[in-house]
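2 protein chains.
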Amino acid sequence: MNVLWIFAHPEPRSLGGSLRDEGVHTLRERGDEVRESDLYAMKWNPVVDADDFGSAAESDRLIVGSTSKNAFRTGELSADIRAEQEKLAWADAVIVQFPLWWYGMPAILKGWFDRVFVKGFAYGVQRPDGRTARYGEGALAGKRAMVVLTAGAPEATIGPRGVNGEINDLLFPLQHGTLWYAGMSVLPPLTICGADRVSAEEYVAAAEALRERLRTLSTQDPIPFRHQNGGDYDDSLVLRDELAPGRSGIGVHIL
Amino acid sequence: MNVLWIFAHPEPRSLGGSLRDEGVHTLRERGDEVRESDLYAMKWNPVVDADDFGSAAESDRLIVGSTSKNAFRTGELSADIRAEQEKLAWADAVIVQFPLWWYGMPAILKGWFDRVFVKGFAYGVQRPDGRTARYGEGALAGKRAMVVLTAGAPEATIGPRGVNGEINDLLFPLQHGTLWYAGMSVLPPLTICGADRVSAEEYVAAAEALRERLRTLSTQDPIPFRHQNGGDYDDSLVLRDELAPGRSGIGVHIL
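As they're listed, the protein sequences go chains A and B. Residues in the first sequence are numbered consecutively from 1, following full-length UniProt numbering. Residues in the second sequence are numbered consecutively from 1, following full-length UniProt numbering.
To be clear, the hints were calculated from the coordinates, so they are not data collected in a lab. Check the hints yourself; a few may be wrong.
Identical chains blur together in the list; that is why a pair holds if it fits in one copy or across any two.
What the hints assert, rightly or not - Quick list of in silico lysine-lysine cross-link-like pairs, BS3-like style, CA-CA up to 27 Å:
id: 1; residue 1: K87; residue 2: K143
id: 2; residue 1: K87; residue 2: K119
id: 3; residue 1: K43; residue 2: K119
id: 4; residue 1: K119; residue 2: K69
id: 5; residue 1: K43; residue 2: K69
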């Protein structure tokens with residue numbers, strides 16, 4: 001299996017850094033190919049701007065969607081963006097690992113998606129019937145993705161009724177709105193809580209939990225998000241009345 | 001009223017840029033003081049690293065929370081961070097305006113929160129009784145915040161049962177997990193949909209909607225998020241069984 005491991009932590013000698021080392025080692029030991037995007041080590045630029053798009057941006061006004069699509073088509077995207085797209089094309093599975101900052105990704109990682117997931121590549125792809133290929137379909141369909149998180153919050157506080165919100169709800173923009181949007185099958189996340197207070201015993205347990213999840217990377221059931229074009233949504237892309245009737249909220253988009 | 005307007009769009013000649021101009025003009029016309037953080041124009045650096053923290057980071061290993069708290073206390077945070085904290089301290093209300101990218105903030109804006117909302121300033125503040133002041137209490141309590149969004153998605157798709165998820169659910173990490181966490185009262189967001197396809201008539205309507213929201217900035221009811229320390233959550237910060245009984249999900253954190 002070809003695995004791309006994306007890591008976004010400023011300190012390699014952190015809990016996150018140790019888990020990344022464990023994870024990459026585990027995969028290689030069983031014969032997987034691993035490539036890494038260690039965003040801090042790469043000094044990844046997370047800011048979308050006209051410099052990303054070569055001559056496609058030489059109009060008087062930058063419209064990010066259409067300009068990025070043109071640059072993607074003509075091969076004029078920045079070299080750093082093309083290199084990440086090439087890694088994605090190569091990968092069968094992607095690990096997205098980060099410390100939870102303000103209940104989301106560190107900016108350097110958000111900007112990896114902003115810059116790499118351009119129009120024509122990860123969104124805005126048409127199906128033969130004219131509908132847009134997204135949410136379970138698209139350029140990255142067939143690939144798997146898993147979020148690996150370290151979080152300062154105690155586990156109960158990101159549980160179903162915890163004050164911070166349930167972790168899958170907090171990750172919905174990433175897991176559903178980005179990874180599933182682009183077609184990837186998203187496995188349940190692995191969250192290691194109490195990040196700056198982990199004891200030696202807790203570290204052993206966290207590393208074993210990670211190894212176990214990696215062993216079953218190709219076989220675990222993904223989160224059963226609904227497909228956009230599978231019949232559950234109407235022509236306005238609203239969930240049909242008879243499905244999860246009377247309900248709203250993030251939960252209705254999961255089978 | 002003192003208003004800080006944070007703007008995160010790479011193109012000032014965009015729908016978002018025009019609305020920003022309208023909004024700032026509206027506020028000044030009625031006598032408000034406005035300061036701006038135009039993040040692209042400022043070339044804001046969104047990446048947290050050891051350079052943010054002066055001598056506080058001169059240990060062998062960067063622990064972001066505690067290091068940022070030390071640098072905040074000793075006044076050693078980077079000058080760009082301190083300048084934004086000073087604007088926040090000055091403001092009675094904050095407008096957070098951005099184009100919705102991958103159902104969240106552009107990286108340059110996420111990194112404004114990552115770098116400016118440091119420990120000791122926006123989180124990790126203790127109350128006299130030893131509980132942590134957050135979710136409705138904290139350094140920024142008494143201030144108001146409002147998100148102003150432009151989004152490519154059609155309105156129905158970010159409605160209650162739309163395929164992308166309801167906009168307030170998508171914004172939960174920002175509105176609840178960041179702004180309310182730090183104590184700010186969060187007004188309902190203003191979302192302008194179909195961003196790259198807005199007609200002249202639709203622009204007039206969008207600008208008027210924005211002006212109306214700004215006229216009532218100091219009087220509108222905020223989103224009634226629950227207070228962490230108001231009695232609704234138990235000592236593990238889990239919502240008490242008798243409130244929203246049997247339910248989970250983002251909605252249970254709103255009265």
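Hint check results:
1. Taking the shortest alpha-carbon separations for K87 and K143, only the intra-copy value of 12 Å comes in at or below 27 Å, while the best inter-copy value is 45 Å.
2. When the C-alpha separation of K87 and K119 is checked against a cutoff of 27 Å, the pair qualifies only within one copy, where the shortest distance is 17 Å, while the shortest distance between copies is 36 Å.
3. For the identical chains of this complex, K43 and K119 are neighbours both inside a copy (24 Å) and across copies (24 Å), given an alpha-carbon limit of 27 Å.
4. In this assembly of identical chains, K119 and K69 lie within 27 Å of each other by CA distance solely inside one copy; the values are 5 Å within and 40 Å between copies.
5. In this homomeric assembly, K43 and K69 come within 27 Å of each other (Cα to Cα) both inside a single copy, at 25 Å, and across copies, at 24 Å.
This entry satisfies every hint, going by the numbered hints stated previously.
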